[in-house]
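Trainee: These are the residues of each chain, in order.
Number of protein chains: 2
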Amino acid sequence: MKFLAEINVMPQKEILDPQGKAVRIGLQNLDIHQVADVRIGKHIQLQIEANSEAEANEIVTNACKKLLANLIMEEFDFVLKAI
Amino acid sequence: MKFLAEINVMPQKEILDPQGKAVRIGLQNLDIHQVADVRIGKHIQLQIEANSEAEANEIVTNACKKLLANLIMEEFDFVLKAI
Numbered sequence: 001m002k003f004l005a006e007i008n009v010m011p012q013k014e015i016l017d018p019q020g021k022a023v024r025i026g027l028q029n030l031d032i033h034q035v036a037d038v039r040i041g042k043h044i045q046l047q048i049e050a051n052s053e054a055e056a057n058e059i060v061t062n063a064c065k066k067l068l069a070n071l072i073m074e075e076f077d078f079v080l081k082a083i
Numbered sequence: 001m002k003f004l005a006e007i008n009v010m011p012q013k014e015i016l017d018p019q020g021k022a023v024r025i026g027l028q029n030l031d032i033h034q035v036a037d038v039r040i041g042k043h044i045q046l047q048i049e050a051n052s053e054a055e056a057n058e059i060v061t062n063a064c065k066k067l068l069a070n071l072i073m074e075e076f077d078f079v080l081k082a083i
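Chains as they are written, first to last, in the working numbering: chain X, 1 to 83; chain V, 1 to 83.
Worth flagging that the hints you see were computed from the coordinates, not collected in a lab.
Certain hints may be false.
Pairs count within a copy or across copies, as identical chains cannot be separated in the list.
Said to hold, decoys possible - Using 20 angstroms as the maximum straight-line C-alpha spacing, the simulated DMTMM-like pairs for lysine to aspartate or glutamate come out as follows: (1) Lys65 with Asp31; (2) Lys21 with Glu53; (3) Lys66 with Glu55; (4) Lys42 with Glu75; (5) Lys2 with Asp31; (6) Lys13 with Glu55; (7) Lys81 with Glu6; (8) Lys42 with Asp31; (9) Lys21 with Glu55; (10) Lys21 with Glu6; (11) Lys42 with Glu53; (12) Lys81 with Glu14.
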């Protein structure tokens with residue numbers, strides 16, 4: 001079975017997000033002033049070959065913990081769907 | 001009213017994704033072989049002050065077109081919710 005995982009890896013809430021601050025200033029320079037806060041992370045799409053949704057879930061969690069997310073500074077969540 | 005926009009900015013499908021290729025090799029080196037394809041982009045969260053959902057939608061679309069996405073090589077989509 002094929003699965004598609006849509007993963008978001010974001011800086012943890014307590015951690016300062018300088019990239020987000022820079023983008024907010026950039027938006028203000030473009031006269032877009034209604035943006036109160038900006039947070040920027042990674043969106044990762046994985047195509048997985050697995051025998052079940054539970055196995056696919058385990059593969060994605062393992063990939064996030066081992067490589068895709070730096071758990072000291074980042075947090076991750078994902079949605080999984082059969083394709 | 002306050003809105004939260006969850007934006008995904010991804011490389012267009014036809015465009016080669018070297019970052020994705022590198023991560024796939026990295027996963028294989030970690031004995032995670034069930035990953036057929038990897039695509040990597042940005043996940044951006046914007047907190048918006050707007051009078052209506054339609055106005056918030058316009059602000060986010062404008063921000064994406066002007067700054068957050070490079071429309072030559074990237075495509076974007078987003079979900080908007082009142083907070």
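Trainee: Compare the structure with the hints numbered earlier in the document and write down the numbers of the violated ones, lowest to highest.
Mentor: 2, 6, 8, 9, 11 and 12
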